[in-house]
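Enquirer: Read top to bottom, the protein sequences are chains A and B.
Remember, the working numbering sits 50 above the position in the first sequence when you count from 1.
Remember, the working numbering sits 9 above the position in the second sequence when you count from 1.
I should point out that these hints are in silico values taken from the structure, not numbers from a laboratory.
Small disclaimer: the values here were computed from a predicted structure and weren't measured.
Be aware that a few hints might be false.
Beta-carbon label-pair distances, calculated as ranges [stated by the list, open to error]: (1) A:I128 / B:L128: 33 to 43 Å; (2) A:R181 / B:G187: 29 to 39 Å; (3) B:D37 / A:F177: 27 to 37 Å; (4) A:N214 / B:P142: 23 to 33 Å.
All residues carry an ideal CB built from backbone N, CA and C; glycine is no exception.
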Amino acid sequence: MSQSNTFTLDGKTIPYNEGQTIIQAAMAAGVYIPHLCFNPEFKPHGSCKLCTVKANGRQTASCTQHPAPGMVVESDTIEINDERRALLQMLFVEGNHFCPSCEKSGNCQLQATAYEMKMMSPHFDQFFPDRMLDASHPEYLLDFNRCILCSLCVRASRDVDGKNVFALSGRGIKSHLIVNAKSGRLADTDFSGDDKAAHVCPVGVILKKRVGFTIPIGQRSFDEQPISATPHPQGACPVGPRSNTATLPPHPTVKGG
Amino acid sequence: MNTPVKAKLKVATTSLAGCFGCHMSFLDIDERLLDLLQLVEFDRSPLTDIKHCGPCDIGIIEGGLCNAENVHVLREFRANCKILIALGACAINGGLPAQRNHLPLTTILEEVYHAQHGLVDGFIPNDPELPLPLDKVHPIHEVVKIDYFIPGCPPSSDAIWKVLTDLLAGKEPELGHGLIHYD
């Protein structure tokens with residue numbers, strides 16, 4: 051693993067190791083690339099497209115794209131940030147993201163990324179979809195209104211917990227998160243607060259009960275500093291320890307697309 | 010020679026389907042209100058009790074659209090204001106009033122005025138002076154063009170002050186970290 055290879059990101063030279071993706075190398079170098087479905091502890095999903103960059107002039111998801119020596123990558127540009135903002139606006143109107151009533155407000159990566167991208171309005175018409183709430187589990191609450199289909203809980207439950215509690219079902223605009231039980235209720239699974247899946251939701255879907263406003267709004271992670279200055283935004287979740295899965299290998303199996 | 014007196018900019022404000030929390034936050038700019046009054050004068054606003062909006066430079070709208078009168082007032086503001094600002098969560102995405110959008114309107118009216126325990130001979134109000142509720146609550150940008158948005162529930166007085174002073178200085182308003190908030 052030599053670090054002889056480099057690419058440039060917005061003009062800055064970034065070293066990378068064989069097997070690293072653009073966003074991994076950027077993170078290691080302390081450079082923020084906006085992202086939602088990417089979490090350094092998991093195999094990339096490449097679905098939210100927030101981490102899109104221009105690599106040698108072509109748009110690509112930086113969480114799945116491997117750099118090449120001398121590659122010229124652009125990320126923090128007006129053009130790309132405009133597109134990221136549009137993606138965020140679509141995520142906001144497709145769900146019910148009513149921040150003032152959300153326990154995750156201030157610790158939410160969707161919200162913090164929207165602040166970062168200076169999203170001042172949803173721009174599009176609201177869908178106001180009808181989504182469920184699942185309060186069946188004694189310790190955890192599921193509020194599907196806020197799901198952005200990042201699949202992090204799916205990946206954590208399947209790859210780390212070995213439980214397959216969550217899955218994405220349906221296609222296109224009908225895609226939605228489901229719970230793997232005949233009843234569809236979280237209480238009827240073997241989900242537990244010790245699961246990795248309980249601590250990876252970047253938004254306010256998977257919430258530990260009875261801790262909601264222990265830390266008041268206004269004193270939370272992204273109130274203190276913007277997400278671009280937070281080294282590991284996943285650690286912002288106040289309701290769970292950063293887990294014991296740091297031993298997961300980086301993603302050598304993932305080939306760039 | 011007398012230097013020409015710079016005309017004050019005209020500002021109008023209103024609260025549609027809101028709670029007046031954004032107006033309270035606006036008043037929370039405290040003594041800066043005196044500085045502001047050197048530069049602007051208020052037209053239609055809960056602060057002046059003027060009932061209709063004349064030609065204005067800046068219109069500030071709190072709240073979303075929950076009934077026909079809200080739409081009417083919003084259109085009056087758009088027709089009269091050069092710059093229209095959506096102030097706060099409800100104006101921007103419907104906010105708390107829009108939480109009713111998941112229930113059929115008839116169910117809500119039945120529940121509130123008729124079926125709820127303790128109501129005697131309750132009936133759904135039908136006075137012609139009452140504006141008809143909309144089927145769903147909508148943010149204001151879905152009906153008219155909005156030039157600027159100040160998010161927050163409510164936006165902080167500092168955020169409101171920043172946008173207004175930027176505009177009065179002829180700059181594009183910009184809210185940095187700490188001033189842009191959705192909660």
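Enquirer: The structure should be examined with respect to each hint, and the outcome stated for every one.
Expert: Hints and how they fare:
no., hint, in the structure
1, A:I128 / B:L128: 33 to 43 Å, "57 Å, violated"
2, A:R181 / B:G187: 29 to 39 Å, "31 Å, holds"
3, B:D37 / A:F177: 27 to 37 Å, "33 Å, holds"
4, A:N214 / B:P142: 23 to 33 Å, "45 Å, violated"
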